[in-house]
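Going by our numbering, the first residue of the sequence shown is number 1, and it counts up by one from there.
Simulated from the structure, these hints should not be mistaken for laboratory data.
Careful: at least some of the hints might be erroneous.
Within a straight-line C-alpha distance of at most 25 Å, the following computed BS3-like cross-link-like pairs (lysine-lysine) qualify [to be verified]: (1) Lys287 x Lys359; (2) Lys436 x Lys455; (3) Lys944 x Lys991.
Just the calculated beta-carbon pair ranges, DEER-fashion [as the list claims (entries may be wrong)]: (4) Gln524 x Val715: 50 to 58 Å; (5) Gln524 x Lys251: 52 to 60 Å; (6) Ser619 x Ser839: 52 to 60 Å; (7) Gly1263 x Gly1025: 25 to 33 Å; (8) Asp856 x Arg794: 22 to 30 Å; (9) Pro1117 x Asp856: 52 to 60 Å.
The beta carbon of each residue, even a glycine, is placed where N, CA and C say it ideally should be.
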Amino acid sequence: MAVRDPAAGLPGPGRDEEAALLFERAHYRHDPRWLLPMSPRLCLACALELLPEPSVSLVRKKHVLSGFRDALMRHASLVMQLVAQDQRVCIHFISMLFGLLCNVEDGSTTDLCIEVLIQLTTQLKLEQTIHCLLDECHKELCNMPSMRGSLATLTLLGKLVDAIPALADKLVMEHSDLMEHLLRGLVYPSEGVQASVCYLYGKLYSSPVAAEMLLGHFREKLCPLFLSTMDGAQTKELKINCLGLLRQLLKYDLFVSMIMNKSALVESTESVEGPPGETSLPLVLKKLLLSRDETLQVASAHCITAVLVHSPAKHAPAFIHADIPEFLFEHLSSSSEVLVWSSYNCLILLAEEPLFFSKCHTVYGIESVVRSLQGILRMNNTELHKQGLLLFAQILTRQPEEIRLFTSSAMCRDAGRALQEAVNSPVLEVAAEAVKAISAFLRKDHQSALPVLYKELQALLKAMLSRCADFSQTPLNWRPLGHASSRDSEKAILRRGRFLLSTLEGFRNACRLAVEFQNEPSAQENPFTAPSAEKEDTLEAFSEFLLSACDSLCIPMVMRYSEQATHPALMEVFLSVLHSLFVIVPHMKEKFSKKLAASSFIQLTLELKARFCSGLSHSALNQVCSSFLYYMCINLLSAPEKTGPPSQEELSAVSELLQHGLPQISSRSPESLASLSDRQYVEGATRQRQYCILLLFYLAYIHEDRFVSEAELFVAVRSFLLSLQDQGECPPLVVFRASIYLLAICQNKDGALDEAVVGAIRKLLEGILDLHLVYTHHPLVLRLFLLYPELMSRFGHRVLELWFYWEESICEELDDVASAGQPTLPASLAALFHVLRSSPSTLLILLDLIYSSPVDTARKVLIVLRTFLRRNEDVQVGGLIRGHFLLILQHLLVEHGSSPSGASGNLPLLLSLLSLVQLRNESEQELDSMAMKLLHQVSKLCGKCSPTDTDILQPSFNFLYWSLHQTTLGSQKRAAAVLLSSTALIGLLEKTLALTWAEEGSPRTELLCSAWLLTASFSAQQHDGNLQVHRTLSVELDQVLKALSFPKKKAALLSAAILRFLRTALQQSFSSALVTLLPSGAQPPPAPEDTVLAPLGTSQVLSLVIGLQNLLVQKDPLLSHACVGCLEALLDYLHARSPDVALHVASQPWNRFLLFTLLDAGENSFLRAEILRLMTLFVRFRSSSILSREEVGHVLQGAALADLSTLSSTTLQALRGFFLQVQSMGLLADHSMAQTLQASLEGLSPRASMAQPPLQDMICLGGVAVSLSHIRD
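Work the whole structure out from these sequences, hints included.
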C-alpha cells in the first residue's frame, strides 16, 4: 500500500470523531482508494489492521464496526465497490470479522459482527465469499470441543440462511455432518444455544428440498429431542424459536404424522414406565396455551391449526383428549383480536370431529362463544365477525340432538340477540354467515329450554327477513354494454340468490320447529305467564307470525327474484316452506291456499315441474312441487267457497288420485291441453293424469288464475267429455264438477255446445244422485243449465235451488240497488235476469221454489223476482205468474184447508209476490176471470186464518185492497160482491178490528191499518152498489172515537186508516148495511138535544173535533188529508141534523189557532191541499171569527201572485174549490177584488183541467197497501 498523510482529506469539525475510525499509525501508508469518499470517512485498510490488533480497545473496535455498518446502510453501492476491489482483501476481511466474532465474548460486539457479515455476504453475492464463510463456520463447530462457545456461530448460520434461503439446501448437502453438531447444541444446557439451534433448524426445514433430505434425521434423532426441548423451554426466546421450527415442520404432512404418532405413542405409554423426558405435542401446546404471554398463546393456536388442517379427523382426537378446546374457549374472552381469531380457527377445525361434541366441550364453551360474539360485533374486524359466526354455526349444526347445548332460556335469548345483531350487519358476508347460524340455531333441541322464547324468535326471524328484503331490493349496477358488466350482474344475481336461499332455509327450519313443538304441551306457551296477562308469547302466536311473515316478506322476495333467475334448489326450499305452513296454522290453511291459488301458484308450480322435472332430473324438486300441489288442492277442495264440500269417501278418492297423478305431470300447458283433447282410447294411467290436469285447471280458474286460453281449454274439455262417453266411463264427481265449471266459464257468449256434448253431460248427470255433488256456484254455470232445454227441463229446478242457496249476499245487494235507484245489477244476477227475459217460463220454476224451498232460499227468490219485475216492466208475465199461483193456492187449500198457516212457511212470500204483480197492473184495468178466481181463493184463504197469522194476512189484505182500488168501477163492484160473499173474511175483519184497542194480543200495526182500510172500502162499495150482505160487521163506536182521541205513538197510518173508516160511516150517516156501530157497554139515556145527532152525542162530537185538531198539528201529510176529510164529513153530518151544532163546531176559537199553527211553515204555506180544504170548510160555514174577510182577501192576493204551475193537481183542485166557495158565499164586496178573483178563476180552470193526476196513487207504506186517493178524496 502507498504511504500517505494521515490527516489528509479530513474535515475540520468532524476530525476527532472520524479520526477514531482510522488506525492512525498505519493509515498514512494506505492507498486513498480504500478510503470511503464521504462521511463516515472509513478506511477499509485501517479496519483490516485495527480490528485484529490486540492492543486496540474493544470499544474502539465496536465503533469501527458500527461505522462500517452505517456506511453499508447509507452507501451500500460505494462500500461494495470499495470491498470488491480485491477479492483476496474481501475474503480476508470476512475471515477477520469471523475470527473477531468467535473470539469476542461481548454480546453487542457479536451482534455487530453478525450484522456486518450478513450485510457483506448478501450485498456482495459472491459464491466464494459465501463458501468461505460457511467453511469457517463448519471448521469452527468441528474444532469446538464443547458447544459452549457455539452460540455466535450458530446464530450467524441461522441468520445467514434466513438472509439467503438457498443456503439451506447447500448446508444440508455439503455440510451434512453439521446436523450432528446441531443435535449436540440442542442438548447443551444453555437455552440460548438451544434457541439458536432451533432457529437454524427452522430455517433449514423451511426449504422443501432440505426438509426432504432431513426427513430421516428428524425421524431418528431430532423428533423426540425437539419435543423434549420444547416441553422444557423456560425462556421466551427458546419457546418462540421452537414454535417457529414447529410451524415449519407442520407444513409437511409427513412430519405432522411423525410428530402426532410420536405423541400418540407417548400418551399410550403414560400409564407404563417409559423413557424419561418424552412428551406429546398436544400437551406441549396446551402448556403454551396456559402461559400468560399472548404471543405464545397465538403461536400455539397457529400450530394446532397447522396440525388440524392436514386431517382433522385423524389428529383432532389427540387435542380433544388433551382438553385443548377448554382453553381455546377461555381465550375467546381475550381482548386481543389475533388471539380470538386464532382460537376461532382451531375450534372450527376441532368441531369437525364428533368427539369434540361427545366430550361435551361445546356445552362447556357455548357461553364463551356467545359472549365472544357479542364482544367482537362491537369491533370493526369483519373477518373476525365471519370467523366467529362460522364457528357458532358449526357448533349449532353438528351438536348432537341428545346433548342439549343451551341449558337455560336466558342463554338461548343471548344467543338469539347476538345473531340478530350480526344479521343486521351492513357487510353482506357477515350477514350471510349470520343467516347460516340462525338456520342452525332454529332447531328443536336448541330451543327446548323452557320457557320457549317465541317473541325473541319472532324478532330474530323478522331481522333476518328484513335484511334479506333490503338486500333483494338493492338495485343492480347495470352498465350499458360489455361482457364484463354482464358477468358482474350475473354474479350479483347469483349472490342475491345464495343469500335468499340461506334465508329461506332458516325460515324453513323455523317452520319445522313450529311443527315439532305442536306435539309438545309444555312448549305451547310460557308456563310462567300470569293467568290474567295477555298471552302473546305462545306457539299459536308464533305460528301466525310465520304465516304473516311468509305472506308479506318471503313470497314477495321469491317472486321478485324469480323475475331475474330461477334456481331449483331455492324453489324447492320455498315450496317446502309453503307446504309446512299448511300444517303450522291448520285453521288458516284453506284461506292461505285460496290466496296462493289466486296468486298464480298453481301456474308457477306447474311451470317449475315442466322446466326442471322432466324425466328423472331434479327428483327432489318434483316431489316437493307435487306435495305442495297435493295439499293445496286438498285444502281448496275440502273448503270450497261456492259449492258443497265433498264427502270423506270422495275426498279420499281424490286424494289417492292426486298422490299418484301429480308426480307424473311435468308437461307444459299446450301439452296438457293436447292430452285432454285426445279422443283415442285412453288407458287408466293416462286417464288419471287427465283427471289431475283437469282439477288443476279447475282450481286455477275458480281462483281467477287463467293461464291457459279459454278457447283452447273449452275444446279440450269438450273432447274429454266425449272421450268419456265413447269409452262409457264415469269420472269422479270432483272431476265432473270441474268439467262442467270449465265448460261454462270458457264457453263463448255467442257460441253453443253441440248436441253430442249436451247429451253426454245429461247422461252423466242422470247417473248422479244429486246435482249438488257436481254444482259450482257461478252465474255462467247457471246459464249453462238454463240455456239448453235438455238440461233445464231435467235439472233447472234443482240448479236454481242450489244457485239461490249459495247466493248469500243477494238480499243486501238488491236492497242497496233498490235504495239507490236502478244502478248496475250485481254480476251474479245479470245472467239469471238474461235467462228470465229470454225464457219467461223459468219464472214458474222460481214460483215453485218460493213455495217449496226453505224460508231463507224462498226469500232470496222473492227478492230476485221482485227486482226483476220492477226493472223489466215491459216483460208481461203477470198472467203466467197469477195462473201458476192460483194452482198452488188451490192445491194448498185442498190439502191444508183447516189450517193453511201450517202448510208452508213460504206462503207469505208467494202472497207478497202476488201483491207485487198486482201493483204492476195499470190503473182502471178490468179484472178478468183469473183475477176473480184469485180474489175468491185469497179471500177463502184469509177466512181460514186467525188474526195472529200476520205473515199470511198482511200480503193477502194488500192484494185484496189493491184489487178493489186498482180497477174500473164495474170491476170494483164485482170484486166487492165476491169478497162480501165470504162470511169468514168478514168475521176475520171484525175480530181484527176489535184488536185495535186490545191491551194484549194485538197484531202488528200494519195489519190493523190494512183491516181498517179494507173495511172502509167494503162499506163504501156495498153502500154505493147496494150489494148483498151475507154477514154484518160490528164495531164499537166509542172505541173508535177513543182511538182517535188517544192515538198510539208512531201510528200515523193507523190513525189515517181509522179516520177513513169513520169518514165513510159519517158519509153514510151510520146507515151501512155491512157495518154496525155499537155502543160500548151500558149507556145512560141520551139528552134531548143529542137525540137528533144519534148515534153521536154532543160530547163525543166535541171530543172528536179536539182529536182531529191534535192529529192535524202533527203535520203528517197523509194524516192531515184524512183529518180534513173526516172533519168535512162530520160537519156535513152535523149540518144535516143540527145546523146550529155544525156552526158551533166550525166556529170554535181553537180552530183559528190550529189554522195559524198549520200556516206557520214559511211563505205561501197556505198553498197546500189540506190547508186550502180546511179554509174552504171555514168559509162555507161562515166562520168569520176563524177566517175574516180581510184574511180571505190576503189569501186570494197571495194565490194570484204565486206561480201556480209549480203546484200539484191535488193542490190546484183544492185552490179552485176555495175560490168557488169564496165566490158562492159572496164574501167579496169589493169590485176590484171580484175582478181579481174572476181573473184567477179563468186562469186556474184550464190549469186544473189540464193538470195530470198523481204519478202513483197506489203505494206501499211500511208494508201496507195504500191508495192515496182513497185516503184523500
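Status of the hints after comparison with the structure:
1. Lys287 x Lys359: holds, 21 Å
2. Lys436 x Lys455: Distance ~20 Å between lysine 436 and lysine 455 Cα, so the pair holds.
3. Lys944 x Lys991: holds, 13 Å
4. Gln524 x Val715: 50 to 58 Å: holds, 54 Å
5. Gln524 x Lys251: 52 to 60 Å: holds, 56 Å
6. Ser619 x Ser839: 52 to 60 Å: holds, 55 Å
7. Gly1263 x Gly1025: 25 to 33 Å: holds, 29 Å
8. Asp856 x Arg794: 22 to 30 Å: holds, 26 Å
9. Pro1117 x Asp856: 52 to 60 Å: 37 Å Cβ-Cβ, so the 52 to 60 Å window is violated.
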